[in-house]
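J.: Join the two chains, each given in its own frame, into one complex according to the hints.
Each chain, letter by letter, is given below.
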Amino acid sequence: MFRWISILLLVIAGVGVGAWGYKEHQEKNAVLIQAENTYQRAFHELTYHMDLLHDKIGTAMAVSTNERLSPELVEIWRITSESLGNVGQLPLTLLPFNKTAHFLSQIGEFTYKTAARDLENDPLTPDERNDLEELYKQAEDIQQELRNVQYAVLEDDLRWMDVQLALATEDEPMDNQVIDGFKTVEEKVEGYEEGNVDSSIFALTPEREEYQSITGDDITKDEAIHASKEILNLKDEDITVTTTGEGAEVPMYTMSYRDDEINAYMDMTKKGGHPVTVIMNRPLQNQTLSLHEGALQAEEYLKKFDLKNMILFQSSEYNGVGIYSYIYQDGDIRVLSDVIQLKVALDNGDILGFSGRNFYSNHYDRDIPSPEITEEEVLDYVNENLTVHEVHLSIIDNDFGEEILVYELLGSMGDDTYRIFINAKNGNEEKVEKLSSVEASFS
Amino acid sequence: MQHNKRCLIGLFSFIMVSICIITILVVPTDKVKAFSPQIIQQGATGDDVIELQARLQYIGFYNGKIDGVFGWGTYWALRNFQYEFGMEIDGLGGTKTKQKLEQVTKFNKEEVHKNMYAGQSSSQNNSGTNNQAANNQGGQPTSVNVPQGFSQNDIQLLANAVYGEARGEPYVGQVAVASVILNRIESATFPNTVAGVIFEPRAFTAVADGQIYLTPNETAKEAVLDAINGWDPTGNALYYFNPDTATSSWIWSRPQIKQIGKHIFCK
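One line per chain: the protein sequences are A and B, in this order.
All residue numbers for the first sequence refer to numbering that gives the first Met the number 0, where the first residue is 0 and numbers rise by one.
All residue numbers for the second sequence refer to numbering that gives the first Met the number 0, where the first residue is 0 and numbers rise by one.
Just chain B, with the same shape it has in the complex (with noise of 0.2 Å):
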């Protein structure tokens, strides 16, 4: 019996000390791949994103997917777990949030990160991997940003339109055509989607021609953000053309806003 107890008891201090060396062990590592330091922000993309996701969902606050990027879902979270933790709520990933998420969740980068990869094709998975290598920023998000109300496709579409019409164009000059076309959208009389507006006939000279089928490159993309972001540096325009080809008379009746780059913006 008293053998016994002596047992117990041994094997009992064995455990506590592997525990505290495994906790020695384990919590240095930890610290290395934890949170750098910027305090995250609802909107953020990349590593530390990917991070806050994973201790949140480690921790049953979270229960969307790790995407690495800062969405609604993971706001919600943030704010339920300073709640629940008594911090200041304000959906902040600050100093002190991260030291307790740190404290109170496990986080392992290469099991994440192969799961959230894991649901793409082989070839996204590979470049993927590939830039976490090269880039010390770490794991590249499964997400993007998108404004409220517009898809990826139709940004893509946008772009098109806008590398189309207007590639020869200064960076503005495209921001400016991007304008005409949602304007137009907002306009009464016009049609109210991208495609509507896009493919009205004899809308733009690109379309006719089949010039918008060209792939745009990522100043047009870029060009088409800044529009839909809010940038109109046509003053509301619903017209353009350039007066070296305009054929209509009709068009110069219209009241001019002004020219940027080789087109004249009207109302």
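Just chain A, same shape as in the assembly (with noise of 0.2 Å):
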């Protein structure tokens, strides 16, 4: 009797684990289902939007009138930027992708260039008309391999999830046919990248030289972890120093320290010991002072470092400490890029952190031209429903990345403000932005 009771409830038992675990199965399943159709969306999107790209291209190219090519390289632009965000859909960080993310971006760039003019009065110059060609040879090509890769994906059932899985173990032997297609398609692009290095594709962000404001001698490692002890107020204890790879913008040395309490670092560049980055996490006390009294902290510092001209042009307060940004005053114009952030903690106006990466990497010697719209002009260049509040002549980088002077115009209209941008030489808007800084609280 307790035999058969004992054989079934064990025959119940095993009938139950094996329905349990057939349904995780179907589950499992079910989930990378869902995985692999997401993948395989994103991939066949992206063929399809190469594909429209070579056409519009080709449209593009043949359409006769200026006034009819504005709206085929908006279109183009469209495509690219979709085409981008199947690129980011696809699992492929880890693979060398990133050459052909970045022929989409400079096809984006171009056609928004070009598109954003007014090609009636500016038409397409015979070099653009170059490019425009050379991009759409480039577009056919990958094209073609996309639809290899897309061919043998179809025609062998080839799943994304095995390629996350080749991914995964890349020591054993790779015959992935996704991977190598992929490889293939960013080999081709890499062979046109050296081609086009001339063409004028390259050369809408002119590169002007970095770091050009840091000067003075190499120092030594010694000589950095004297200093850093210093600025971070550490006397005795031990820092830890290393010195940055190939890698970096402009050879620096990097000190450390961390204890339970406190987390202290400092980026200093070799060449004349400026301190970059500075940053001391430590657990804050009661707040005593005010955003404004810890401004005046966070001016006698930039001082202490022989930063001058530099005036205040935001500041916010975030639960203790007050975050600053003073940008660079050139004469009476602004350079809103050569930007300095401080972190100033208000329980007794230490400073938490430094932040020179923006200006010391853009910072040089300007020569600026005088402005060729006068003050009084450029307010009728703003929408007439807003109230300009303040008006200043500033230096921004548009959206090539290159520097031009600008008015820079403060407003509001009902309860917003904007920041306007209007070129001071031929009175284009170059940038409106709304400014947000509060946000009503969730917690």
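Where hints are given, some of them may not hold.
Unchecked claim - Computed footprint of chain A on chain B, listed as stretches where at least three residues anywhere in the stretch have a Cβ under 8 Å from a Cβ of chain A:
1) 100 to 108
2) 165 to 174
3) 198 to 209
4) 222 to 230
5) 249 to 263
Since the hints were derived computationally from the structure, they do not count as laboratory data.
Every residue gets a Cβ at the ideal spot worked out from N, C-alpha and C, and that includes glycine.
T.: The following block contains the structure:
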């Protein structure tokens, strides 16, 4: 009797486990198929968009009137941004797929630049026509390669989840057709990049030398440690120092210190020993200083490092710390890209952070032209519903990374405040920003 | 007639005297409650800002929400006030400006605070009043400062990613991971949104194994704020990896910038 009961119980348990296991298996498969479908969709959309892109560039070349060209270029721009979105959804970040993405962003930049200007008065130059033709050829090759990969995927019923696995276990010999196919695409693009160096597509952003403002003799490791102890206010502690690798924009020493309470960190250029980044993290006491008093501390600090002509651009209070941005003022012209950020503890006024990266990499002695539009005239260029409160002459980087002289207007319309940049040479509206620095709290 | 006139004069002087008494009674109590000695600057938060907004609203210069955060709306209101009263227009709540405001406006703290929290849920209301009692700084602002272009939810999502990826790292290592995410948003070859970069397949292990859904601590949030506000200890890195666990040989071929904590950061 007892034996029968135990057998029955075991059978029930066995069937139960089996059913549960089967259900789990089904659920796992369902989830896997979901993920697979997302990848498949992104991939097939990408190939479709590349087809479309190729066709559209062809159409743009054939369009006879400049009036019709603008919408075609806008269409190409839209397709490139959608293709980039597709690339971002594929599990390929660890594959060197970034060259193809780079190619797409180049087409995007080219079409944006040309579509945004008035092609009636300022038609495509012969050089730009050549660029367009070049892009057309490249798009054709990429399209062809992607179609090959797509064919392989459809024909052999390849799964992206297998690509995932192949990527995860890379020490095994890889003969995955998808990965190989994408590597071919990537090599194609790479080939073009080299051939394209002289082309004006690459001249969109004129590179100016970075870190020009850094001067002085090289300092030694010991000097760097000594200076950092002073700045971080750590007298006897053991500071670790390392030097940056080949990928760094400018050679730097990195000093760091960590104990139970604080974590201090600092980057200092080898040349001249300028502090570039300072971060100090420690528990905060009760707030005793106002945001304004914190700003005075920040200004003392700037003086200490001989950073002159810096004016307060923005300040905000967050949970017991004040964050300040200072910008460089050249005569009476504000240089918005030469910015230094400071973080001040509002319990005792210590500097908790300093970031001079933007300032040091951008700053140089500028030769600033005088504006061709007067301060009175510039008001005619803005929307009449806007109440203008402040007007400054400023230097900003435009969409293509070039420095331009603009009038910076601060104005309000209804409850909203806007920052508007009007080119001081030709009156073009370069940028409009809605300033929203305050949000209703959720917590 | 004569009697009536005398009556009127009597009534009039009575009113005058009571006004005087009321003013004497009211003004000192008003002084007690008035601004702290700090100079109030744009971006500030707290009790003084609430009072500043309430007083500016009382006199009709400010018609936004009284939320205890000195934003652009408050700034323009204050400047207009300074202009109308012939003062130096600096947009700062300094001593003279505050004195002038106290002279020409009234401020009823309880009333203003009550209205401020009235729009909020009861639980928030309670925490607001509790804080008020516990903390002599006074009213808790109902808004917060956020960096331009980022919402509180963006910051939360970034904090989730940083906490999932680097909670064992030193503070600077967490700022560094946040910087890499932000550098990717800026880069042309990566998606252009916070969510796009974080959820890109195979980009972050914490996303793949679900650790991103852990609740981040305050340190992770502070690290994210630092990164958004301009601190980038990585020097413009787009990738990072843990040399002990990295499986891809490709990642080793990237030009390395530096190591912070356990992670190597590269271009």
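J.: Any hints this thing doesn't respect? Which numbers, in order?
T.: 1
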